[in-house]
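S.K.: In the order they appear, the protein sequences are chains A and B.
FYI, the working numbering numbers position 145 of the first sequence as 145, with every residue one higher than the one before it.
FYI, the working numbering numbers position 83 of the second sequence as 83, with every residue one higher than the one before it.
Calculated from the structure, these hints are not laboratory results.
One or more of the hints may lead you astray.
[Stated by the list, open to error] Computed Cβ-Cβ distance ranges for the label pairs, DEER-style:
#	chain 1	residue 1	chain 2	residue 2	range
1	A	183	B	379	48 to 56 Å
2	B	396	A	182	55 to 63 Å
3	A	176	B	474	17 to 25 Å
4	A	164	B	379	52 to 60 Å
5	A	69	B	399	24 to 32 Å
6	A	164	B	321	36 to 44 Å
[Stated by the list, open to error] A partial selection of chain A residues facing chain B, derived with a Cβ cut-off under 10 Å:
#	residue
7	49
8	115
9	119
In this text, a Cβ means the ideal position worked out from N, Cα and C, and glycines have one as well.
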Amino acid sequence: MRVIQAERKLQKLDFLVRNPDYLADLILDACAAGRLQKERLLDAKAVLSEREPDLHTYRMLRNKHGAYEPLNNALAVLRHPGLIQIVRAGLSSDVQVRRRDYYLLEAGQEFAAKLRAEIPVLAWYDQQVLYVRTATEGMSTEELKALQYGHAEYAGTPKGQMIAGISERVRARLAEALEREGLG
Amino acid sequence: MSQEQAGPSQVELWLAEVAQKSGQALPEVRKILAEHHVRPQTALPHPHRLLVTSVAFKGIKLVPGDGDEVTDEAFTFSWELGPGLWCLASLGKNEAGKSSVLEIILWCLRGRSGLQRDVRHWLRNVRVGFKLDDEPLVVDMAIQEGLPDGRVISEETGTILLEFKGLADFEQAMDAFMLQRLGLEPLRTAQKAPGGDTEPPITGELSWPSYASALHINGKGLGNLLGNDSKHGLPTRLLELFLGAPWAPTKVDAAVALKIVNAELSAARKRAVGDATARKAQLEELSRRLKDARERLAELPEVSRAAENVQDVFGRLTTATNEAVRAQEALVSARTEHNALEAQRLELAAAVHTAEEAALAHAFFHTLMPTVCPRCDTPVAKARWEQEREGHCSLCASDLHDAAQDGGQDEEDSSTPGEELRQMLTQVQAAVDSAASELSRAQRVAAEASTARERVAEQLQEALQSPGAASRREVELAVARLEGAVEERSGRFADMDASVDVQPLERAAAVLDAAEKLAMSRRTEALKKILADVEEDIVAMGRELGLDMLKEVKLGGNASLTVWKGGQKHSYGSLTEGEQLRLKIVTTIALLRHGHRSGVGRYPGLLFIDSPGAEEVDAGDLRHMLQDLVTLTEMVPQLQVIVATARGGDVQEVVRPDHMRLAADGQRLW
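Pulled out of the complex, with its shape left as it was, chain A reads as follows (with noise of 0.2 Å):
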């Protein structure tokens, strides 16, 4: 079983996969900081060029706290076949929620195998999140918050608006970086 805890880090997780951008350049700081190999400034290079990031940008809106979006709708559909669960914790009872969740069913599991081996053109998703998990891993949520309020697109957009991306900046960063490694 897999799980994901705090919707918090759910929804940093989400914003990273939707924004190529914003995702090449967490690689491109894990590398600069030496928590990821220098050959994984190719995944970055990956990401923000060879895998059609253009198809694959879902602009997130500017909430409170961030980038975020009401998760209710999108996982009633992993949900209601029984492929994930999510758990509240806590005590019962608490009056608000403290926390929730998201755990993946083995029924989950094998679905996504089954999506995976049927429909090709989804597997981008399946490596997408790969590279995530790559690069955030150890990362706790306050860190990637931090990480992703350092972006002044990030920072500056004001609530209700569509975050902004930085293509341009994170393409110039990493030719840059790919240069300096011997890698471009």
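Dock chain B against the given chain A, drawing on the hints supplied.
M.R.: Below, chain B alone, put in the same frame as chain A:
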């Protein structure tokens, strides 16, 4: 009177001869002579008389006492004189103040002091009376620290004729005064300049002190027969003065002017030669440069072509620039168009992609059976699944048929929204392709225009910088200038400036040369007759004065004296000092006598002789000499001779006692 009447005609005659000899027209001759201050002159001057009547002075002398002490000692001296021989004498004592008395008198007459400096500083007051052509005059001066402050007064009227202060002032004032009163002209002189022929000669004037040196015979100027200086032909001038030689000043004026003109001429000729040489060198240099410039010009492209090039290239650059700008604008608009379409295409592509993914996922998810309610996690009961067979949703019980139909339509109908999107995408893709090809065409055009513009700009740069334009113009100008310069220097005016300098000078030189020679011949002709008489007098008097061996003398018009004695020929300069002194006195007296006899000499009739017995003259000869002087003064009533001698004993018999101031044995005169 007859002489003065003859004057003008003689002058005219002389002018005509000068004109003929110089080959110049008479008016030109007059003009040149006037320009150079040459005065045709034959009018004989009136003789003037100068007579010392009194000398008085006082002062304080410093007398060395015992050891370092110096005591002041007041002194006075006063002496009244008249015509005739007068004598200041001591008995063998040399420092008796005789010479000082002579020098004090001379100072007052000449204006120039020959006094010893210490004596001048001792003096406090000097007063010398003299008659100038019977007008009694007094020089009266106070002396402070050797510097005079005084005046010349006409004694009869008390009129102050001159006032002076200081040595130089006194000399200048006296010079002008005496020359004018004695009817003497300042004589122009010219000396060769140290710089050579081309330098103008150093010119000056013989002034009164120079003339007056003939008044004074002493040990200093013995080497000269007349006067005490041989510079500027002074002895000759004095000879002419003594004998009243006609045409002499004219000759001197002409000679001096000629020297000046010759120097100018020499300089002008040298310059002309130098100019010609320089001009030739210059011409060669200019010709060489002209040749170089022409060769350089030949190597350059044609001027018209170069100029046209620049003009043309400018025009083409403007056109090319405009084209490049237009191409750039087209490129920008093509890119904008293309980018807009491309953005649209991307959007559509994303939408199509999303739609396809959604469709696929939807189909797949449709196969799953609901297990729980997504809202409340309540498991879906079997009874609810049964509802779906009846066409109702197992979760919300809504009619499944519509939904299934919608979904069915999605799969079966080719004109689904997804398909529409795809068709739109195809169209947009075509538009993007066309825009892209338009863009690339615009890029190519812009690049070509830009390259063309750059090429033209380079051409312009080349045209501007290449020797074709700038240098060509410069070289052409240089050639034109050089051609002008060469033409100018090889044309008929090439020698003009030099001849402009030289010709008038040559004319002036010819006139002045003729004037000098003709005046000289007239002067010499006039002197020749007189000199023979003078020579006889010199021989006779010389024998009287102990020159027993004297046979014959020859007095030249240039105041040279050649002496035959003891069968030998001697020049004046080669004689002993004793002989020179005696001959000098004798010659002076002889000239004075002659001047008096003929009535033309301008010598003022006053002579100072200092120490005539000093040079190996024995007592008898000295007495002879003085006796002769006495005889001379008796013959010439206005003549005054003042003698100073330390041999008072020897001359006592000859000189009248009242004409003699004799210092007592071992005493001073003052």
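S.K.: Hint by hint, note whether the structure agrees.
M.R.: Hints and how they fare:
| no. | hint | in the structure |
| --- | --- | --- |
| 1 | 183/A <-> 379/B: 48 to 56 Å | holds (52 Å) |
| 2 | 396/B <-> 182/A: 55 to 63 Å | holds (59 Å) |
| 3 | 176/A <-> 474/B: 17 to 25 Å | violated (54 Å) |
| 4 | 164/A <-> 379/B: 52 to 60 Å | violated (44 Å) |
| 5 | 69/A <-> 399/B: 24 to 32 Å | holds (29 Å) |
| 6 | 164/A <-> 321/B: 36 to 44 Å | holds (39 Å) |
| 7 | 49 | violated (14 Å) |
| 8 | 115 | holds (6 Å) |
| 9 | 119 | holds (5 Å) |
Comparing the model with each numbered hint stated earlier shows that hints 3, 4 and 7 do not hold.
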